[in-house]
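Asker: The primary structure of each chain is shown beneath.
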Amino acid sequence: MAILNPFDRPCRPCDLKRLFPVWVVVSALLLSGAIEMPAQTKISREYQIKAAFLFNFAQFVTWPPDAFTNAAAPFRIGILGEDPFGAFLDETVRNEKVNGHPLVVQRYRSAKDIKDCQILFVSRSESRRVKRILADLKDRNILTVGDMEDLVESGGIIRFSTEKNKIHFQVNLEAAKNANLTISSKMLRLAEIVTPEKD
Amino acid sequence: MPLRNLPIRRKLMTVNLLISSIVILLTCTAFITYEIITLRKAMLQGYSTRAQIIAANSSAALAFQNEADAADVLSALKTDKRIMTACLYDDQGKILAKYPSNAAAGVFPDAPRASGYQNGCLEIFSPVVQGGRTLGAVYLQSDLSALTDRYRVYAGLAAIIIASSILVAYLLSRMLQRQISLPILALAETARVISDHHDFSVRAAKISDDELGLLTDAFNQMLTQIEAQDMAIKKLNTELEQRVVQRTGELEAANRELEAFSYSISHDLRAPLRTVNGFAGIVLEDFGSQIPEEGKRYLERIRDGGARMGVLIDDLLAFARLSRQPVNRQNVDTARLVQNAIDELKPQRDGRQIEIRIGNLPPCQGDAALLKQIWVNLISNAIKYTRGRVPAIIEIGCKLDDGGTTYLVRDNGAGFDMKYVNKLFGVFQRLHRTDEFEGTGVGLAIVQRIVHRHGGRVWAEAEVNHGATFCFTLEEADKL
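Sequence lines, in order, name chains B and H. Add 7 to a position in the first sequence, counting from 1, and you land on the number used in my numbering. Add 7 to a position in the second sequence, counting from 1, and you land on the number used in my numbering.
Simulated from the structure, these hints should not be mistaken for lab results. Note that this is a predicted model, so its numbers are computed, not measured. C-beta atoms are modelled at their ideal positions from N, C-alpha and C, and glycine is treated no differently. Keep in mind that the hints are not guaranteed to be accurate.
Claimed, not checked - Below are the DSBU-like pairs computed for lysine-lysine, each with C-alpha atoms no more than 35 Å apart in a straight line:
{"hint": "1", "chain 1": "B", "residue 1": "Lys-173", "chain 2": "H", "residue 2": "Lys-101"}
{"hint": "2", "chain 1": "H", "residue 1": "Lys-101", "chain 2": "B", "residue 2": "Lys-104"}
{"hint": "3", "chain 1": "B", "residue 1": "Lys-171", "chain 2": "H", "residue 2": "Lys-242"}
{"hint": "4", "chain 1": "H", "residue 1": "Lys-85", "chain 2": "B", "residue 2": "Lys-173"}
{"hint": "5", "chain 1": "H", "residue 1": "Lys-101", "chain 2": "H", "residue 2": "Lys-48"}
{"hint": "6", "chain 1": "H", "residue 1": "Lys-88", "chain 2": "B", "residue 2": "Lys-173"}
{"hint": "7", "chain 1": "H", "residue 1": "Lys-430", "chain 2": "H", "residue 2": "Lys-379"}
{"hint": "8", "chain 1": "H", "residue 1": "Lys-242", "chain 2": "H", "residue 2": "Lys-213"}
{"hint": "9", "chain 1": "H", "residue 1": "Lys-213", "chain 2": "H", "residue 2": "Lys-241"}
{"hint": "10", "chain 1": "H", "residue 1": "Lys-85", "chain 2": "B", "residue 2": "Lys-171"}
Said to hold, decoys possible - Here's a subset of chain H near chain B, in silico, CB distances under 7 Å, partners left out:
{"hint": "11", "residue": "Ser-66"}
{"hint": "12", "residue": "Ala-70"}
{"hint": "13", "residue": "Asn-73"}
Modelling step: build the complete structure from the supplied sequences, incorporating the hints.
Answerer: The structure is reproduced here in structure tokens:
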């Protein structure tokens, strides 16, 4: 029986995107406080991991076919508001494809600018407007992600949380269902499922 | 004991058992080999599938580097006691999770490699792929107890099957071999009875209608023929014996009659001969003066003829007597016997210069009087036929060889032509004229008769004017 060697593709150390698990481990070490790091570095490591998570979401979430204008249309990861990722996200998605759609990072100043987008990271800078923004986007096929405490209550789909210095994520299944997005059960195994209280 | 010397029943059983055992053994071997190959393939397939399931379930854990979830996915393997260790590699070949969770890192291969049976266990590697991206690999290591357990079951089954098959084959061949062995044994028993008791009236019982039945029939037919021939031979033998006895009796009677006849003739011839001789002598003595010289000469010739006839009759009587006289066998000192014979012949040697050379003469078994007669006759012949030879040489001796003792008398006398040798020992047969060498022609006939009565052989070799050699044996070589 032919056995597939999972690593028969040559590994390119220079290719930073392929090294994200290393960053994750390094970050985990840093986050666990094993090494004292300046606050700025700690935060940037955190977003490095979150950038990788955003990329992984693209892998484990299924968008309806009409979420794209055509089969070769770009897969957009949008950032609304202040960009906490710096260059990490751009590096993570560079030259990557999801189901044939090339990954593109798009930065939005305002919610009105969002036209064709699959994953939207709502920055903390938008915390005051988040409820309205998410309400506007709730019926579109956009996976809304953020790290604000009230993101899920506000109608967002995935919220990053930090627990014991590790990054986890919460998933609002109802919101995902409204957005017509299917989240892989494998990813849900890792997630904390939350249901926002009805007002 | 080699197979070919075994009794036929055991031979048949042995052959049957041997063949069935080999067939069963080969069948079991083939079956088990096939099963083992299939089993190993199936096991590899089964664990590959399991590894692929684990791989599919652990893609998220690998993507999000969630060790707890990875360990959780692997912990599902605990339902299979045969899985010894398992782990998840990320795409850098680093171990993200282990099973069992307390396993030492050293038990895992440094990097994923080909799946297969290695170091007494089964190793499976399966890549973890998500959306076309390889995220890592699953490693599974199972012991081979699944295989060895099954091997044990197979071995047990094979043993039971082989044992029961051989038992069944044994019982069947025990029953079936009778079909073949019984008729053969019956034949063999019949043959034994016949050869032991020479009773050809016995018949073999026919048991089956196959080739063995044919054989039995043929055997019985042969017996019938042999019996008939045996009876015919016995009858012929009896008849023959009766005929031999009858003929022998007739022959003996005729012989006796002939001997009596010749004896009485010889005896009865003497009386008239004596009359002729006597009156011829009286006429010469009493009326010699009145008879003219020519008449006297005729009368002399009548007397000479009568005297010669007397000698002939004496010799003939002696010869005839030999057949009636029994041979009285005893140890005989041949050397002394020969010396006596030579002494007896002294008058014949008077005035002759004869050199007699006597060699070694071993004692023998025979009738002394008859044997002496042989020597007297042969030496007398030698003296007679060397007349005129100076010196006359007579050698007496013997030869010892495989054929026993051969006695010989050799002279350097007149000899004879070998083409008449077959006449030499006949009665009244003479090779020389009477005026050359006197004699009746009975001497050698007597020698031959005595030698024959001793069971021996007599012969002669000679050359004209170069002497003769007479040889005889007293017993045939094969009787010694």
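Asker: What's the verdict on Lys-85(H) and Lys-173(B), does the C-alpha distance respect the 35 Å limit or exceed it?
Answerer: holds, 28 Å
Asker: Is the shortest C-beta separation between Ser-66(H) and chain B less than 7 Å?
Answerer: Status holds, d = 6 Å.
Asker: Given the hinted pair Lys-173(B) and Lys-101(H), is their Cα-Cα distance within 35 Å?
Answerer: holds, 19 Å
Asker: Given Asn-73(H) as an interface hint, is its Cβ closer than 7 Å to any Cβ of chain B?
Answerer: Constraint on Asn-73(H) satisfied, holds at 5 Å.
Asker: Would you mind confirming whether the straight-line C-alpha gap from Lys-85(H) to Lys-171(B) stays at or under 35 Å?
Answerer: holds, 29 Å
Asker: Can you confirm whether the C-alpha distance between Lys-101(H) and Lys-48(H) stays at or below 35 Å?
Answerer: It holds: about 29 Å lies between the C-alpha atoms, which stays within 35 Å.
Asker: Is Lys-171(B) within 35 Å of Lys-242(H), Cα to Cα?
Answerer: It is violated: about 131 Å lies between the C-alpha atoms, which goes past 35 Å.
Asker: What's the verdict on Lys-213(H) and Lys-241(H), does the C-alpha distance respect the 35 Å limit or exceed it?
Answerer: holds, 29 Å
Asker: For the pair supplied as a hint, Lys-430(H) and Lys-379(H), is the alpha-carbon distance within the 35 Å limit?
Answerer: Distance ~23 Å between Lys-430(H) and Lys-379(H) Cα, so the pair holds.
Asker: Below or equal to 35 Å on CA atoms is what counts here, so check Lys-101(H) against Lys-104(B).
Answerer: With Cα atoms ~25 Å apart, Lys-101(H) and Lys-104(B) stay inside 35 Å; holds.
Asker: Lys-88(H) and Lys-173(B) were given as a pair; does the straight-line alpha-carbon distance stay at or below 35 Å?
Answerer: holds, 33 Å
Asker: When you check the alpha-carbon spacing of Lys-242(H) and Lys-213(H), does it fall within 35 Å?
Answerer: Judged against 35 Å, a Cα distance of about 31 Å means the pair holds.
Violation of the numbered hints given earlier is confined to hint 3; every other hint is satisfied by the structure.
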